[in-house]
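Please construct the entire structure, taking both the sequences and the accompanying hints into account.
Single-letter residue listing:
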Amino acid sequence: MGVREEFDAWAADGRDKGMEARHWHTAKHALARMPVESGDVVLDLGCGSGYAGRALRETGAVARAYGLDGSPEMVGNARSYTDDPAIGYVGGDFNALPFTDDSIDHVWSMEAFYYAADPHRTLSEIRRILRPGGTFYCAVNFYEENVHSHQWQEFIDVEMTRWSREEYRAAFRDAGFHVAEQDTIPDREIDIPSEREFPTEEWDTREAMVERYREYGTLLTVGVVP
Amino acid sequence: MGVREEFDAWAADGRDKGMEARHWHTAKHALARMPVESGDVVLDLGCGSGYAGRALRETGAVARAYGLDGSPEMVGNARSYTDDPAIGYVGGDFNALPFTDDSIDHVWSMEAFYYAADPHRTLSEIRRILRPGGTFYCAVNFYEENVHSHQWQEFIDVEMTRWSREEYRAAFRDAGFHVAEQDTIPDREIDIPSEREFPTEEWDTREAMVERYREYGTLLTVGVVP
Amino acid sequence: MKETLMDILCCPLDKETLELEVTQTDQSQTETEIIDGELVCAECGTKYPIEDGIPNLLPPDMRE
Amino acid sequence: MKETLMDILCCPLDKETLELEVTQTDQSQTETEIIDGELVCAECGTKYPIEDGIPNLLPPDMRE
Ligand SMILES: Nc1ncnc2c1ncn2[C@@H]1O[C@H](CSCC[C@H](N)C(=O)O)[C@@H](O)[C@H]1O
Ligand SMILES: Nc1ncnc2c1ncn2[C@@H]1O[C@H](CSCC[C@H](N)C(=O)O)[C@@H](O)[C@H]1O
Chain A
1 MGVREEFDAW AADGRDKGME ARHWHTAKHA LARMPVESGD VVLDLGCGSG
51 YAGRALRETG AVARAYGLDG SPEMVGNARS YTDDPAIGYV GGDFNALPFT
101 DDSIDHVWSM EAFYYAADPH RTLSEIRRIL RPGGTFYCAV NFYEENVHSH
151 QWQEFIDVEM TRWSREEYRA AFRDAGFHVA EQDTIPDREI DIPSEREFPT
201 EEWDTREAMV ERYREYGTLL TVGVVP
Chain B
1 MGVREEFDAW AADGRDKGME ARHWHTAKHA LARMPVESGD VVLDLGCGSG
51 YAGRALRETG AVARAYGLDG SPEMVGNARS YTDDPAIGYV GGDFNALPFT
101 DDSIDHVWSM EAFYYAADPH RTLSEIRRIL RPGGTFYCAV NFYEENVHSH
151 QWQEFIDVEM TRWSREEYRA AFRDAGFHVA EQDTIPDREI DIPSEREFPT
201 EEWDTREAMV ERYREYGTLL TVGVVP
Chain C
1 MKETLMDILC CPLDKETLEL EVTQTDQSQT ETEIIDGELV CAECGTKYPI
51 EDGIPNLLPP DMRE
Chain D
1 MKETLMDILC CPLDKETLEL EVTQTDQSQT ETEIIDGELV CAECGTKYPI
51 EDGIPNLLPP DMRE
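Protein chains in written order, with UniProt numbering: chain A, 1 to 226; chain B, 1 to 226; chain C, 1 to 64; chain D, 1 to 64.
Heads up, a few of these hints could be off.
Calculated cross-link-like contacts (lysine-lysine; reagent style DSS-like; alpha-carbon spacing at most 27 Å) [said to hold, decoys possible]: (1) D:Lys-2 <-> B:Lys-17; (2) A:Lys-17 <-> C:Lys-2; (3) D:Lys-47 <-> D:Lys-15; (4) D:Lys-47 <-> D:Lys-2; (5) A:Lys-28 <-> B:Lys-28; (6) A:Lys-28 <-> A:Lys-17; (7) C:Lys-2 <-> C:Lys-47.
Since the hints were derived computationally from the structure, they do not count as laboratory data.
Quantities reported herein were computed from a predicted structural model and do not represent experimental measurements.
Here it is, written out as structure tokens:
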């Protein structure tokens, strides 16, 4: 099964909105750091429900926001959630971005990059479409140090790349980016039940859940095009 | 009065340690984001007690850490707090950095940059000493949007530059940096007394104190050398 | 999709210029919305559909 | 200061090479510590003191 089938199913049963709600806890902090200027064009790779572009437009931060996703159902949902004429969504794949060289000011991607069939190629595609000085804000919850994420692959029918913090930095540099920042952003908003409710369906111990969300949170790597 | 007299006095009566304790609340979060590799050389501008370099060395993050300060008393204190042979402190001024071109991997500065007699010149000096891909992590609590910081100038005998978020970005770009990130890091650790203890000596209302620390916190601007 | 998007779109395969062929538009909005049509690569001739206002630029072999 | 620092130091005024003149060292550490001495710019001749192990590279007019 590919990205299309897997995520079309997610979009069809409303999981796009569920992800948006959960991811927003950390995504908003990363988005707030982007050095956007009001004339900028931002692209969201693997946009899902498309919330990132809407948020950047609603705060007046950017001129245009585009979202790309490999699942036509996701893109259809995303489009239905806004009628801002400066927002657009397109179907497309991470391996073959349909944007011209130097056409984008900043690229955002949340919990999507590691689904790329060839992540090194995706990085060089991103570098190609960004103008000099443009940034790639790459946010993932699924990464090597976050041991609690390792089992996620079992539930998803698309092969996932599990890099460590250092592998992210190295791959960014190999693709010609300067690495400007790497950080783990804690999710301080997710509700963590009290001690006596553990084990829960998902978590054996409260410590594990605390570690997953409050400590490992979301790994953000920021690359800048020289 | 100049930087030397002002901050020699601070160092002599132990205010270097007081600043370290307060600044650490937000500085540690910014330091944790730096994309340092184990062979890197990091420079702390206006190092005060020199804690940033010590922290980067203690975590094994960098190969060498240097601190520069315009106050010989500060530098003397900083040196006395460590005997790590890979840490060094030097006297020097922001306007005339005594480092060769491309010699530093990352520059850090906390609550010091705005004392520069000519901040534009200091930025171009920083750009000069950084290698391509090197970053300047510039952290300040004194900035335009933080209205609660405006009166600080009254207490300090060195002229301070009060830029807005946007002015920081513009000045970085003018000096030839790409801006990779801008963020305000909240101070979640400072003790804020309960409602009934206000007004305090320093704060008229609890809201003002909450806004100062939890909202405006520390402004971080990250520049990258192309 | 809006026509402004054409400024930055290209063929995902060879990155060459796309030509826009419009079948249906929606004029009710401030900026004309292209509802149905096709994007055709000026170089390799690959066709990408625009359906329900969304351009699908997945490479042809990933479309189904 | 350690001698490794010389790799990256230069004259703050003209950014030229500095020459190290050592008066006193401390050999008790793993790497020799230069305690007293002078750094002299090979180009403009400006002298910068090393005192109590700390090189003072403030431009001369800011020293006092
Ligand atoms: N190779 C690929 N090309 C394009 N999109 C892809 C892709 N692999 C995965 N995706 C998309 O990436 C998304 C991952 S889910 C995350 C969605 C959103 N960014 C959020 O934060 O909620 C899905 O919508 C999926 O369709
Ligand atoms: N023009 C200048 N050149 C060099 N150092 C300067 C300077 N202006 C101010 N400083 C130094 O900058 C420091 C500011 S206080 C902040 C100290 C430390 N970074 C901390 O976070 O606690 C002082 O030690 C002062 O001596």
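These are the hints, each one checked on the structure:
For the given pair, Lys-2 of chain D sits about 25 Å from Lys-17 of chain B by alpha-carbon distance, which is consistent with the 27 Å threshold. For a cut-off of 27 Å, the pair hint linking Lys-17 of chain A to Lys-2 of chain C stands: about 25 Å separates their Cα positions. For the proposed pair Lys-47 of chain D and Lys-15 of chain D, the alpha carbon gap of about 13 Å is at most 27 Å, so the pair holds. Under the criterion of a C-alpha separation no larger than 27 Å, the hint pairing Lys-47 of chain D with Lys-2 of chain D is consistent with the structure, at around 18 Å.
With a C-alpha separation of about 21 Å, the suggested pair Lys-28 of chain A and Lys-28 of chain B falls inside the 27 Å cut-off, and the hint holds. With a C-alpha separation of about 15 Å, the suggested pair Lys-28 of chain A and Lys-17 of chain A falls inside the 27 Å cut-off, and the hint holds. As the CA atoms of Lys-2 of chain C and Lys-47 of chain C are separated by approximately 18 Å, the hinted pair is consistent with the 27 Å bound.
Consistency with the previously given hints is maintained throughout, with no hint failing.
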